[in-house]
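Use the sequences and the hints to build the structure in full.
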Amino acid sequence: MVKIKLPGGIERKYKDKVTVRNVANDISTKNRGSAIAGKLNSTLVDLDYAIETDTKLDLVMDNSEEGLEILRHSTAHVMAQAVTRLYPDVKLGIGPSIKDGFYYDFDLGRTLTQEDLEKIEEEMKRIIGADEPFKRSEEPREDAIKRMEKLNQRYKVELIKGLQDQTVSFYTQGDFIDLCKGPHVSSTKKIGAFKLLSVAGAYWRGKETNPMLQRIYGTVFTSKKELDKHLKLLEEIKKRDHRKIGVALDLYSFQDNAGAGLVFWHPKGGVIRNIIETFWREEHYKRGYDLIYSPHIAKIDLWKKSGHLDFYKESMFSPIDVEGQEYILRPMNCPFAILMYKTKIRSYRDLPLRWGELGTVYRYERSGVLHGLLRVRGFTQDDSHIFCRPDQLKDEIVGVIDLAQYMLESFGFKEYEIELAVRGMGEEEKYTGDSEKWVLAEEALRSALEEKELDFVRMEGEAKFYGPAIDIKIKDALGRGWQGPTIQVDFNLPERFDVNYIDSDGLQHKVVMVHRTVLGAMERFLGCLIEHYAGDFPLWLAPTQVRILPITDKHNDYGIRIKNKLSEMGIRSDCDLRNAKIGYKIREGTLEKIPYLLIIGDKEIEEETVSVRSRKKGNEGSVPLSQFIERVEKTVKDKA
RNA sequence: GCUGCUGUGGCUCAGGGGUAGAGCACGUCCUUGGUAAGGACGAGGUCAUGGGUUCAAAUCCCAUCAGCAGCUCCA
Numbered sequence: 000m001v002k003i004k005l006p007g008g009i010e011r012k013y014k015d016k017v018t019v020r021n022v023a024n025d026i027s028t029k030n031r032g033s034a035i036a037g038k039l040n041s042t043l044v045d046l047d048y049a050i051e052t053d054t055k056l057d058l059v060m061d062n063s064e065e066g067l068e069i070l071r072h073s074t075a076h077v078m079a080q081a082v083t084r085l086y087p088d089v090k091l092g093i094g095p096s097i098k099d100g101f102y103y104d105f106d107l108g109r110t111l112t113q114e115d116l117e118k119i120e121e122e123m124k125r126i127i128g129a130d131e132p133f134k135r136s137e138e139p140r141e142d143a144i145k146r147m148e149k150l151n152q153r154y155k156v157e158l159i160k161g162l163q164d165q166t167v168s169f170y171t172q173g174d175f176i177d178l179c180k181g182p183h184v185s186s187t188k189k190i191g192a193f194k195l196l197s198v199a200g201a202y203w204r205g206k207e208t209n210p211m212l213q214r215i216y217g218t219v220f221t222s223k224k225e226l227d228k229h230l231k232l233l234e235e236i237k238k239r240d241h242r243k244i245g246v247a248l249d250l251y252s253f254q255d256n257a258g259a260g261l262v263f264w265h266p267k268g269g270v271i272r273n274i275i276e277t278f279w280r281e282e283h284y285k286r287g288y289d290l291i292y293s294p295h296i297a298k299i300d301l302w303k304k305s306g307h308l309d310f311y312k313e314s315m316f317s318p319i320d321v322e323g324q325e326y327i328l329r330p331m332n333c334p335f336a337i338l339m340y341k342t343k344i345r346s347y348r349d350l351p352l353r354w355g356e357l358g359t360v361y362r363y364e365r366s367g368v369l370h371g372l373l374r375v376r377g378f379t380q381d382d383s384h385i386f387c388r389p390d391q392l393k394d395e396i397v398g399v400i401d402l403a404q405y406m407l408e409s410f411g412f413k414e415y416e417i418e419l420a421v422r423g424m425g426e427e428e429k430y431t432g433d434s435e436k437w438v439l440a441e442e443a444l445r446s447a448l449e450e451k452e453l454d455f456v457r458m459e460g461e462a463k464f465y466g467p468a469i470d471i472k473i474k475d476a477l478g479r480g481w482q483g484p485t486i487q488v489d490f491n492l493p494e495r496f497d498v499n500y501i502d503s504d505g506l507q508h509k510v511v512m513v514h515r516t517v518l519g520a521m522e523r524f525l526g527c528l529i530e531h532y533a534g535d536f537p538l539w540l541a542p543t544q545v546r547i548l549p550i551t552d553k554h555n556d557y558g559i560r561i562k563n564k565l566s567e568m569g570i571r572s573d574c575d576l577r578n579a580k581i582g583y584k585i586r587e588g589t590l591e592k593i594p595y596l597l598i599i600g601d602k603e604i605e606e607e608t609v610s611v612r613s614r615k616k617g618n619e620g621s622v623p624l625s626q627f628i629e630r631v632e633k634t635v636k637d638k639a
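Take 0 as the starting number for the first sequence in numbering that gives the first Met the number 0 and just add one per residue.
Quick caveat, the hints were computed from the structure, so don't treat them as lab data. Every value quoted in this text rests on a predicted model; they were computed, and no experiment measured them. You may find that some hints are simply not true.
What the hints assert, rightly or not - Pairs of lysine-lysine residues, derived as BS3-like cross-links and limited to a Cα-Cα distance of at most 30 Å, are as follows: (1) K134 <-> K145; (2) K223 <-> K243; (3) K298 <-> K343; (4) K285 <-> K638; (5) K55 <-> K118; (6) K124 <-> K237; (7) K472 <-> K636; (8) K584 <-> K616; (9) K237 <-> K474; (10) K188 <-> K206; (11) K180 <-> K16.
Written out as structure tokens, the structure reads:
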């Protein structure tokens, strides 16, 4: 007798062992889709898996996240089969399912082209049409190694040798066998609508010193409709790309003649950045910060002392010779704040000192990692260094979290992920300072997060070289997370630079430093912001808030008068005086994503009004200018 | 940095061993038009840069620079 507990308190009894498929057939799953695999006490198994003992069983449906994962994985196998048929000498790497799709790595001794992908797709369709069942088999490790050696699959041999288990499993479909834990769909026919998307190089096992394999990316869904929906989404995401919008809206550029990763902010991008920076400064003064400025370059000895030369060298530009002295372009601002702190003796009464700085730094990033505004070589951190006593540390961290949340909220970012970045095990050489201090620092960060009741993930090996950090990730159009705000606790640089204060006991004590940003870097933040709003900036950030569109040139004077009035009120506006029809001017203003277009003609001049066309609602009819100005002022104030 | 792809007027892109094309944008003129493209004419490019092959290179080859997709890195 086998007792099987199903979700919803259902229990079924079978006389003998029974396959997952049988159980699935016995219960109605019609309204949930079709079963693709089973889950026994959280272990995924094939439909053909025979259940022999009492257990809990969940059915995995083809339209569930887990079901899709299995489907993607199976499609990767089919792709490998197709590639093996077309290129018999291929050496197979790995082929997992990933978010939204799958990939498989191949060593072909040559590179693949778009045409190759089409051929592979066709072969895959043939395999799917042949309705080949996926069959699971198991064999002893040693036999498996021999089998793969015989097939001349060196990467697979390496994989098996890395496994601990004495038995390894394979999956076979048709003429193709692959090392795999499973589970898989029952047959190739179950694979719905797929598409191969791209091919790129990828190092074997992600190691730079290993050979580079050809990685083919693809995606698959249960139906063509869903696939098309996904492909459309990819298109939409592309349109949102800040690199496209940045050019279209004339916000910024990169210049070949100047160098990669160096941003030129055009006037319109400059306006946005300026508004953000003004807002940032005001908010900091409100919260008890002082703002400072420091140089962009300093003697190499400073960077030796700070530890940057030992721990951060790879990200720094080479030294510059100045009259026989070596200088370094700063990759961080912290040593400068420390030098400034040390210009006098500080009392415990002076602390905390919160010093903010929009500090431009330069980091050497390898050419291949540069990415629009999100990864650049010169950028401005909205930095701050807080010098405090140990007893003030937690409150300071909480204060920074508050500020970071307020900032992100103000810019409409409702979703972000929080990580607690700590040292990695066994990589002590990457970090400076003694362990106790690291424990203290992590403790302070963690307790602040707990006090704020924020969810976070602990990330090992992600700390800065001088201390652990809270890292807040904001997302780009492709869903990739980019580090924005960061809060780092540092007991180490105060040690290195001997940064003290006199406590009430009259003795010197080491200060604790908090390094933090609440936006991250202006460049990256703007990049994320562009994608977040898809270029439709809210009124308070829009480079041009209002455009006046005279219907004919005899209305131009009135248009200019309105423009001047708006300018007096601090509203950013322009007036389209071109000899063009109104529909044309409206189209251009719309494409430029200007929040308000004011159309003026005979009627408006006579009534002293403006006809409002808003980006959100379209034609809203005529209102007196004063009423429109009030509306704009209120919307700006509300950051709506 | 690595693998692959790409680089043609401000933008999007076609072409391709014999001395450059389209649409949009821009300028002038006609038109004075009421809520997403009126018309005509015109100007604008050493085809990324530097070498090489060739009678001849924007086109083929090499290098460099830059961009794109990944990998690695960074955080």
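Now for the hints, and whether the structure bears them out:
no.	hint	in the structure
1	K134 <-> K145	holds (20 Å)
2	K223 <-> K243	holds (29 Å)
3	K298 <-> K343	holds (21 Å)
4	K285 <-> K638	holds (18 Å)
5	K55 <-> K118	violated (44 Å)
6	K124 <-> K237	holds (28 Å)
7	K472 <-> K636	holds (27 Å)
8	K584 <-> K616	holds (17 Å)
9	K237 <-> K474	holds (14 Å)
10	K188 <-> K206	violated (36 Å)
11	K180 <-> K16	holds (22 Å)
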